[in-house]
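Colleague: Below, each chain spelled out in residue letters.
There are 4 protein chains.
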Amino acid sequence: MFPDPPGCSFASDNAAGIHPEVLAAISEANSGHALAYGADRWTSNVEKEFNELFGKEVSVFLTLNGTGTNILALATMLRPGESVLCTDWSHINDDEAAAPERILSTKLISTPSEGGKMSVDSVHARAEALGNIHHAQPGVLSLTQATEWGTTYSIDELGELCEVAHSYGMRVHLDGARIANAVAALGNGRTGLRQMVVETGIDTMSFGGTKNGLMAAEAVIHLTPYPTQLGQHLRKQVNQLGSKMRFVAAQFLAALKDDRWLDWASHANSMATVLHSGATGIIGESAGPPPAVNSMFPTLADAVADPLREWCFFWGWNSASSQHRWMTSWDTTREDVECFLQGLQIAVSQAENRN
Amino acid sequence: MFPDPPGCSFASDNAAGIHPEVLAAISEANSGHALAYGADRWTSNVEKEFNELFGKEVSVFLTLNGTGTNILALATMLRPGESVLCTDWSHINDDEAAAPERILSTKLISTPSEGGKMSVDSVHARAEALGNIHHAQPGVLSLTQATEWGTTYSIDELGELCEVAHSYGMRVHLDGARIANAVAALGNGRTGLRQMVVETGIDTMSFGGTKNGLMAAEAVIHLTPYPTQLGQHLRKQVNQLGSKMRFVAAQFLAALKDDRWLDWASHANSMATVLHSGATGIIGESAGPPPAVNSMFPTLADAVADPLREWCFFWGWNSASSQHRWMTSWDTTREDVECFLQGLQIAVSQAENRN
Amino acid sequence: MFPDPPGCSFASDNAAGIHPEVLAAISEANSGHALAYGADRWTSNVEKEFNELFGKEVSVFLTLNGTGTNILALATMLRPGESVLCTDWSHINDDEAAAPERILSTKLISTPSEGGKMSVDSVHARAEALGNIHHAQPGVLSLTQATEWGTTYSIDELGELCEVAHSYGMRVHLDGARIANAVAALGNGRTGLRQMVVETGIDTMSFGGTKNGLMAAEAVIHLTPYPTQLGQHLRKQVNQLGSKMRFVAAQFLAALKDDRWLDWASHANSMATVLHSGATGIIGESAGPPPAVNSMFPTLADAVADPLREWCFFWGWNSASSQHRWMTSWDTTREDVECFLQGLQIAVSQAENRN
Amino acid sequence: MFPDPPGCSFASDNAAGIHPEVLAAISEANSGHALAYGADRWTSNVEKEFNELFGKEVSVFLTLNGTGTNILALATMLRPGESVLCTDWSHINDDEAAAPERILSTKLISTPSEGGKMSVDSVHARAEALGNIHHAQPGVLSLTQATEWGTTYSIDELGELCEVAHSYGMRVHLDGARIANAVAALGNGRTGLRQMVVETGIDTMSFGGTKNGLMAAEAVIHLTPYPTQLGQHLRKQVNQLGSKMRFVAAQFLAALKDDRWLDWASHANSMATVLHSGATGIIGESAGPPPAVNSMFPTLADAVADPLREWCFFWGWNSASSQHRWMTSWDTTREDVECFLQGLQIAVSQAENRN
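So the protein lines, in turn, are chains Z, V, S and R. For what it's worth, our numbering labels the leading residue of the first sequence as -7, then goes sequentially. For what it's worth, our numbering labels the leading residue of the second sequence as -7, then goes sequentially. For what it's worth, our numbering labels the leading residue of the third sequence as -7, then goes sequentially. For what it's worth, our numbering labels the leading residue of the fourth sequence as -7, then goes sequentially.
Hints are supplied without guarantee of correctness; some may be wrong.
As the list makes no split between identical chains, a pair holds if one copy fits it or if it spans any two.
Simulated pairs of lysine to any residue, SDA-like, Cα-Cα distance not exceeding 25 Å [unchecked claim]:
1. Lys249 with Phe42
2. Lys48 with Thr183
3. Lys109 with Gly(-1)
4. Lys40 with Gln337
5. Lys109 with Pro281
6. Lys109 with His126
7. Lys40 with Asn310
8. Lys249 with His116
9. Lys48 with Thr220
10. Lys249 with Asn22
11. Lys249 with Asp298
12. Lys249 with Gly107
13. Lys109 with Ala121
14. Lys40 with Gly181
15. Lys109 with Glu344
16. Lys40 with Gly123
17. Lys40 with Asn124
18. Lys109 with Ala312
19. Lys48 with Asp255
20. Lys109 with Glu120
21. Lys40 with Glu13
22. Lys109 with Gly161
23. Lys48 with Asn22
24. Lys109 with Asp86
25. Lys48 with Glu120
26. Lys109 with Asp80
It should be emphasised that the hints constitute simulated quantities derived from the structure, not laboratory data.
Construct the complete structure from the given sequences, taking the supplied hints into account.
Modeller: Given below as structure tokens:
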């Protein structure tokens, strides 16, 4: 018999709610009138905060959701006729409902990957098409950090990918829906962000907030200043401009203050480590490798996965390999993890008894 | 000398903040985990509430901003190759940054209008193109209620436009970014909504929330049920799906409860009436006709408009006719109005003295 | 009783066939193998011919049809997010089935016009939107020469429109589907073309061939060299690249040789003058003003137009004003015109007798 | 020392010219006026011919080039929001410059393939995404016959693929740019076409002409009648409508008469067999398997390929496997083949001597 399920599910970091400090910031910003569409003081403050965060002048375009953020980033990066090179498992290719193709009218050239990571060889191979008018012309290389498989690129790997891409005239986009978890894992504070994104040569990034305790707030960051008006016009064109933008800005102000965004992500990461360690004790190598960030991808027989999921929901990830995804978040507690591991133990025992 | 400006500007109803009841509802929904992307109980509750509101089963797709809502509505309505018929002043044609054309890859056939209203004659005239493969084929007629010029269609006018459009095989979209103000002006409670939208034969509407005290919440409503999965897929394709949708749903739950949405809009409308009446006392016919909803469009010389705007911002609306827009909102107070009228009096006197 | 109808209809210049010299050129080019997609000697020769024609180095992208040519021109001109300013009667706005919006995902901002001509005032008025992120941003001004109403811009008018557009940062596109007729009307040979297109400051033009005796051959001409590979890639993207391009090139080689294209257009123009003069003798001012090029737009009662059209087809042009279009072509003969005028006389007499 | 190169290259069947019978048909159609855009008697005749060819009433939309034909076919097949499933090597995915994504604003879901052939397993695997709103929804399965690698599907294979696709609610598109070669290879005359396309359950096909001796003529064929006006409107929208369509129709009339199209393709196929047989005698297994249609893909060291290509051009096909493509056409002669084999022998000997 399963106990009561944990207070927090392990389905996704976006099943979590709003961090109390973020909600407080929204509430505080709710006083009087402010001009709509970003002409407010919260928005200009958040731009300053991002400049400080990156240690240089960047362009910031606040946005409403993850898919839209990636699409805006690409819309600002692509030149007429160009395509995007990405992995088969990339969020833009696999999880965005063909929205990029619809809104950008552009090809995503997807290439096989290991653990969701793009290889330098793949970039070389696809660059062969450059100059042949009959083939799609990759103008942007899109990488995800942390990846959709919970892995991370090292700083060296990112640097090499940027170098190779730039050598072909491509620009590099980083989908950082979970950049907080990747930087937290690096463990060097905001300096780590600069090493990972500025020093490697990334051109433009999607800076995620919603998966890290915000209500609904993301941003496109250009590491080299981008024409403001054009970026804002394109943001409106891709449906990523809200009218009461001060409430989006306020969320980021709360997250960036005292680098709370890294604390929250760090907590989620460490809960994943605890979860993985406990799960390894129960299912051994089927737990997979230790998590780099806040997710793990255990291999589970249906006899285990089905009742466990029934009790406390999580998503299947790859039916071909029987892999599932367990994910922690800013609000996952040690008790939640222990309770979930208890459930795992029960599911495993029941499955064994049934045999 | 101007006094301190009013607490609320008259720039736009989306310069106002979040109604306290809406913020409370967001806060209340922030407890524990809930599956993302609308698979939560707030979302299913709001669907029930909309069914009750309309007195029939409707399809509800919650969305993030006004432009995106119109685009999703059109995306669900358009058949391959079709175009959209609208007025030159319609929001989709004039204020959405060419986002509809970008995301829908469709032509908006704009037609001259009076007071932002589409005429039956214009529909007949443009329908002449039907069947000619060289011309854009209008498949959807899009109307706005209340219009961008603060006017409203009568129920009979809407009914006739729907009838004519349907006779040509077109479907009718209603951009109801300010539907609350239009229904409140009608003064028949939610029955008025049904008369205006259901009985007239509207097919699909954009149901606005953000301009009426919500933080960021809109909805596409199909008055005849629409395939759920397809609508949700298209919503994701046009960047209108957020992950933590429970917080969007919670906003509407607060607004629909006890028809608070109509109270809020009604208040905004009546403040506009007070404003207009006072302004007429100062500038006479230049105040324009009495407002149908929550905006008025006074004709002002620059010598009046410029210092007034400097003191308390509002938007110019039509440079050719020297018309400006003053708009009230759910939080405009009588004191705000009086203060603004005082400022108007000062601006007028100063301009006269200068001559 | 009507006699036998003329050998050539007056429906359109594209109802005419292929000029024998063009067909001969196709036949001559049909010998042996040639690499596909424009890597052939006919294509490189035609590029040289166009350089000579314009008296400067231009970029030439041969194309397949008129709509596709305009779309390719715009595709090469538009920067991300930009829209196109054009008249309500422009071919791209009214006669291209919303293909520009579909393929370019861009707004055509149409503006009312007289006789199909864009006014400088309209450009100024629409340029007001520049810099406002909520409005479509006109980046290209598209003009048609000769216009869809058979009128022409003077060289001075073109020069002024280019100057004003450039002052706003817009580029100027010329839809020259009937450029041959406009240049022939100017009467200064290929020097006239240079005065009309090069000296006025046009950036890019659609150079029509099909309406002037070619089988199917058009070209996008950039008056300032454009990146070859990018232009070719975009041409393929908009479905305007054929495999056996040598046969497209061969058509233009025949037309440009000894400026035969101007002879053909000149003949069509003069046949229109003869037609108009005869028609004025029969229906007076209803014949409209003398044709600037190869079309006239008589006002005809249905009682005249219907039997006449039944006998020898032509198109109605504007139902609101009862105007129709009669058009001559490279192969219209004096006998065709006389026969048609005879028919007109009969139709008029019959209509009068009926009253 | 190489002799004079063959009169016909082995680069591509679209490097060949126009079959004399086709050119004669164009010339014959060039008499007098005919209404533009397909309202001519040649077009209506060709529709009748296609009905006879397929043994049933089909819908025919004549088109201008191969890429455009595939795009029109897909434009007529796709429902709102849907994507297209195809192989990684398919022409639409790899050789059409991202035009499908640009014009259709749709995702091509590409899947790894062997010899350019889609497997039933791939269809099952990709169909897993159906119903998940976050994933692209494959609504059309696109196959190529003969494939880009010169292989063919058997009738049974096509039948099974159609059955599986239909079971998921997908429609099946056949890219038949070289359908003539595939049907000719089957050796059952026009009955073979019906077995291959009608009886298997194909919904819509691209029927190629240009690669088989036509100048520039293709067609979209709907095996079940499709709304005429809608198809014609979409054809115009995707830049595939020419004005003087009679000359496109005339080309097909010549090809379909007495099934000359099969004679021409059959000749090309048999020349490929002769070429392959001779090449096998020189380079053994490096010649690859016997050609199914009119192409072979030999593996050649650069030392052989480079001088041979210099002498008589052909394309590399897959740099990773050192494979090249030799292709025959309607006008390849036995002398051409013998001459080319002579050249191959010389290139091989020279390369050996150099070692």
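Colleague: Each hint should be assessed against the structure and marked as holding or not.
Modeller: To see whether the hints hold, each was checked on the structure:
| no. | hint | result |
| --- | --- | --- |
| 1 | Lys249 with Phe42 | within (11 Å within a copy, 39 Å between copies) |
| 2 | Lys48 with Thr183 | within (12 Å within a copy, 55 Å between copies) |
| 3 | Lys109 with Gly(-1) | neither (33 Å within a copy, 50 Å between copies) |
| 4 | Lys40 with Gln337 | neither (49 Å within a copy, 39 Å between copies) |
| 5 | Lys109 with Pro281 | within (16 Å within a copy, 36 Å between copies) |
| 6 | Lys109 with His126 | between (27 Å within a copy, 21 Å between copies) |
| 7 | Lys40 with Asn310 | neither (41 Å within a copy, 35 Å between copies) |
| 8 | Lys249 with His116 | neither (41 Å within a copy, 47 Å between copies) |
| 9 | Lys48 with Thr220 | within (16 Å within a copy, 37 Å between copies) |
| 10 | Lys249 with Asn22 | both (19 Å within a copy, 21 Å between copies) |
| 11 | Lys249 with Asp298 | neither (41 Å within a copy, 39 Å between copies) |
| 12 | Lys249 with Gly107 | neither (33 Å within a copy, 48 Å between copies) |
| 13 | Lys109 with Ala121 | both (21 Å within a copy, 22 Å between copies) |
| 14 | Lys40 with Gly181 | within (18 Å within a copy, 46 Å between copies) |
| 15 | Lys109 with Glu344 | neither (36 Å within a copy, 43 Å between copies) |
| 16 | Lys40 with Gly123 | between (41 Å within a copy, 23 Å between copies) |
| 17 | Lys40 with Asn124 | between (43 Å within a copy, 23 Å between copies) |
| 18 | Lys109 with Ala312 | both (19 Å within a copy, 22 Å between copies) |
| 19 | Lys48 with Asp255 | within (23 Å within a copy, 48 Å between copies) |
| 20 | Lys109 with Glu120 | both (20 Å within a copy, 23 Å between copies) |
| 21 | Lys40 with Glu13 | within (20 Å within a copy, 32 Å between copies) |
| 22 | Lys109 with Gly161 | within (21 Å within a copy, 34 Å between copies) |
| 23 | Lys48 with Asn22 | neither (30 Å within a copy, 35 Å between copies) |
| 24 | Lys109 with Asp86 | both (14 Å within a copy, 23 Å between copies) |
| 25 | Lys48 with Glu120 | neither (35 Å within a copy, 34 Å between copies) |
| 26 | Lys109 with Asp80 | both (10 Å within a copy, 20 Å between copies) |
Violated hints, listed in ascending order, are 3, 4, 7, 8, 11, 12, 15, 23, 25; each of the other numbered hints is respected by the structure.
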